[in-house]
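Top line first, the protein sequences correspond to chains A and B. At the far end of the first sequence sits residue 410, using our numbering, and the numbering has no gaps. At the far end of the second sequence sits residue 245, using our numbering, and the numbering has no gaps.
Calculated directly from the structure, the hints in this document are not laboratory data. There may be inaccurate statements among the hints.
What the hints assert, rightly or not - Calculated lysine to aspartate or glutamate pairs in the EDC-like style (CA-CA distance at most 20 Å, straight line):
no., chain 1, residue 1, chain 2, residue 2
1, B, K153, B, E180
2, B, K166, B, E151
3, B, K214, B, D51
4, A, K164, A, D105
5, B, K33, B, D226
6, B, K214, A, D105
7, B, K214, A, E172
8, B, K37, B, E234
9, A, K164, B, E98
Unchecked claim - Residues of chain B placed beyond 10 Å of chain A at every Cβ, according to the derived structure:
no., residue
10, F39
11, R66
12, G114
13, E137
14, P146
15, R149
16, G163
17, P184
18, F225
19, D226
None of these values were measured; they are calculated from a predicted model. Note that the Cβ used here is the ideal one computed from N, Cα and C, for glycine as well.
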Amino acid sequence: MALTLLRFALRNVWRNRRRSLLTIAAMAGGLFVLVFLKGLQDGYVAQRLDRGLGLSLGHVVVRAAGPNAPGIPDAANIAKALLSDPSIAAAAPRVRFEAFAQGADASAGISVAGVDPAAEAGVTWISRAIVEGTFWDDKDVVEPYPIVVGRDLARRLGVSLGGKIALLVEGEDRALIAEPFRVTGIFHTGATLYDGGVAYVPRSIAARMMLVRGDATEVAARVRDPLAAPDVAARLARDPRFANLSVASWREAAPEMQEAMEVLRVMELIRTGVLFALVGLGILNTITMSLCERRREFGTLMAVGMAPEKLFTLLVLEVAVLALAGVLLGVGGAFAVVTGWLGRTGVNVSALGASLPGALAGTSVIYPIVTGENLLLAGAWVLGISFAVLIVPLYRILRLDPATALRDRV
Amino acid sequence: MTRVLFAFVWIYAAASPLFAADAPRMLDGAYAKLFAKPFTATASLAIRRQDWSRRIGVTVYYLDARRALARLTGSQRDLGTVALRSGGRVYLYFPRAELLVGAPSAGGSLPLFGSDFTADDLLAFGDLAGRFAVVSESAETLSGVPARRYELKPREAKDSPYGLVKLWLSRDGGAPLREEFRSPEGNLLREIVVESDGRLPLPTLWRARGYGRKGGESELQFHSFDSGRPLDAELFTVAGLRRWR
Numbered sequence: 001m002a003l004t005l006l007r008f009a010l011r012n013v014w015r016n017r018r019r020s021l022l023t024i025a026a027m028a029g030g031l032f033v034l035v036f037l038k039g040l041q042d043g044y045v046a047q048r049l050d051r052g053l054g055l056s057l058g059h060v061v062v063r064a065a066g067p068n069a070p071g072i073p074d075a076a077n078i079a080k081a082l083l084s085d086p087s088i089a090a091a092a093p094r095v096r097f098e099a100f101a102q103g104a105d106a107s108a109g110i111s112v113a114g115v116d117p118a119a120e121a122g123v124t125w126i127s128r129a130i131v132e133g134t135f136w137d138d139k140d141v142v143e144p145y146p147i148v149v150g151r152d153l154a155r156r157l158g159v160s161l162g163g164k165i166a167l168l169v170e171g172e173d174r175a176l177i178a179e180p181f182r183v184t185g186i187f188h189t190g191a192t193l194y195d196g197g198v199a200y201v202p203r204s205i206a207a208r209m210m211l212v213r214g215d216a217t218e219v220a221a222r223v224r225d226p227l228a229a230p231d232v233a234a235r236l237a238r239d240p241r242f243a244n245l246s247v248a249s250w251r252e253a254a255p256e257m258q259e260a261m262e263v264l265r266v267m268e269l270i271r272t273g274v275l276f277a278l279v280g281l282g283i284l285n286t287i288t289m290s291l292c293e294r295r296r297e298f299g300t301l302m303a304v305g306m307a308p309e310k311l312f313t314l315l316v317l318e319v320a321v322l323a324l325a326g327v328l329l330g331v332g333g334a335f336a337v338v339t340g341w342l343g344r345t346g347v348n349v350s351a352l353g354a355s356l357p358g359a360l361a362g363t364s365v366i367y368p369i370v371t372g373e374n375l376l377l378a379g380a381w382v383l384g385i386s387f388a389v390l391i392v393p394l395y396r397i398l399r400l401d402p403a404t405a406l407r408d409r410v
Numbered sequence: 001m002t003r004v005l006f007a008f009v010w011i012y013a014a015a016s017p018l019f020a021a022d023a024p025r026m027l028d029g030a031y032a033k034l035f036a037k038p039f040t041a042t043a044s045l046a047i048r049r050q051d052w053s054r055r056i057g058v059t060v061y062y063l064d065a066r067r068a069l070a071r072l073t074g075s076q077r078d079l080g081t082v083a084l085r086s087g088g089r090v091y092l093y094f095p096r097a098e099l100l101v102g103a104p105s106a107g108g109s110l111p112l113f114g115s116d117f118t119a120d121d122l123l124a125f126g127d128l129a130g131r132f133a134v135v136s137e138s139a140e141t142l143s144g145v146p147a148r149r150y151e152l153k154p155r156e157a158k159d160s161p162y163g164l165v166k167l168w169l170s171r172d173g174g175a176p177l178r179e180e181f182r183s184p185e186g187n188l189l190r191e192i193v194v195e196s197d198g199r200l201p202l203p204t205l206w207r208a209r210g211y212g213r214k215g216g217e218s219e220l221q222f223h224s225f226d227s228g229r230p231l232d233a234e235l236f237t238v239a240g241l242r243r244w245r
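Based on the sequences and whatever the hints tell you, model everything.
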């Protein structure tokens, strides 16, 4: 009997192709929009974490605990301990400080990172942003010491490749220390603040200038899955090898980014709610119209003796067929377009008048990300809403008086 | 960095020499003679903090009450750094980086070479009357030594971190014995205790203690004193600083 009803349902769906295709298109279109927007946001978040944090901070940062303990003793061992965790892809010790830079033409307050170029390349992508010169080799670390600066900063200070910069800092001992540097590399990330206010110097020189206790002020790590960084940091914080140290994920170390993520999450909730409501209304409209158009047909079926529960099953099967077709089309289309096409080419939001070099560290192209979980969730939602909107029309159909329905001219 | 920039935005407030004439003669006897002619003195400066210490060499070149400089020796990290006090301004010259930083006279109250001393402690001691006005003077015995106690107010109060400075000078010869620097709220910021073993014309041991967040103890031990060598006035100018390379 069920098979017969399924055959009837398929025949009914196929009978009015235009109406059925419209219903399927409404479902598939709504689902596509849901998946695309969610993918765009996930892509933006992932890029922000990867490019933004991957440019400066890193995903997990280990620092000395307490305000009076500015240095990390034996940073190399801490880096090794970090790398022993399978979630950590790379780790790099650094000495960070603020300095006053004097160039040929002008001076400026800047942020300086004392780094080991090879280790830093595993954690950040700054080495790939070099547009002139290079990072230094060990043999280059002689006075005047090598320095790599942002393109805008170099212009502001009036220096070019090979030019001299003096850095003045207040060391941990409160002594003012100035060291001479020569520009060996110039980078351009596209992030205005970074290009105009950051410089890299050899870590050993930075540690000596600052008189850091230990050999680094922090050890930064890149986590394979940036979104898992808070869990990784919490796990590492319990590790006795990091006792007396502070282990923070980007959530604690870059609270402004965490706030931005929270805003995005709330916006996503609101937007998804509105979208789901719109998609639901669209499906409700098509199904209600379709059922209203078929009042005489239902009256006839009831008049010839079709039991109400069979009619109920028939209509549920019809909607199931439509919804399944809509979901398959929507999921397939979204996967093909968002992952297969836009996932590779990206969505250039600058074409829409938006410019995001600061947020995405030098690019305005967002690469959407679609996960299987998101596809399943969106499909389940469209299926659920398709059946949910059936309740009222079905109730009215089942209470239909066959004689009245047969007189309908619709 | 904040402190570095702070030094640059301090409003210029050079001490006016006109006031000096009105002030009581705080330095007299041997000390008036000492600061009356140029001298060179070498010292070792030990800086102690909670969990580390550092020792550097310092040479002080004194030309007159308004011009003196101190130069660092014996430190790989900041070798040759020069602090000059001239014409009411303070300059720091970093010869390796060829960097010259100038600050108004108030910059003389900032830590010298990371110690608990300031540039004014060493380079402007002879200009006490130019920098401070005496608000009270009394006789006192300090650790068994007859002394005169002065309470001093900065002449340019708005540019000074101090609200009150207490100075004890020996009644016999005018040698400094002790200094206390208090904030406008009356909190003790720093104190300097001076001892002399009579080997040199100036006190041989200066101990400073800072009570700020990064404060600690610093000790300046003078080894030699030479007042017979002429000093070129050009070396005490901004242009002449570069000759210290």
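Results for each hint:
1. B/K153 x B/E180: holds, 12 Å
2. B/K166 x B/E151: holds, 5 Å
3. B/K214 x B/D51: holds, 12 Å
4. A/K164 x A/D105: holds, 11 Å
5. B/K33 x B/D226: holds, 14 Å
6. B/K214 x A/D105: violated, 34 Å
7. B/K214 x A/E172: It holds: about 9 Å lies between the C-alpha atoms, which stays within 20 Å.
8. B/K37 x B/E234: holds, 16 Å
9. A/K164 x B/E98: Within the cut-off at roughly 10 Å; holds.
10. F39: holds, 25 Å
11. R66: Holds, since 23 Å exceeds 10 Å.
12. G114: Given a closest Cβ separation of 3 Å, the condition is violated.
13. E137: B/E137 clear of chain A: closest Cβ-Cβ about 34 Å, beyond 10 Å.
14. P146: At roughly 36 Å from the nearest Cβ of chain A, B/P146 sits farther out than 10 Å, so the non-interface label holds.
15. R149: Consistent with the label, B/R149 stays out of reach of chain A, its closest Cβ about 30 Å off (over 10 Å).
16. G163: holds, 22 Å
17. P184: holds, 22 Å
18. F225: holds, 25 Å
19. D226: Label holds. Min Cβ-Cβ 26 Å, cutoff 10 Å.
When each numbered hint is compared with the structure, violations occur for hints 6, 12.
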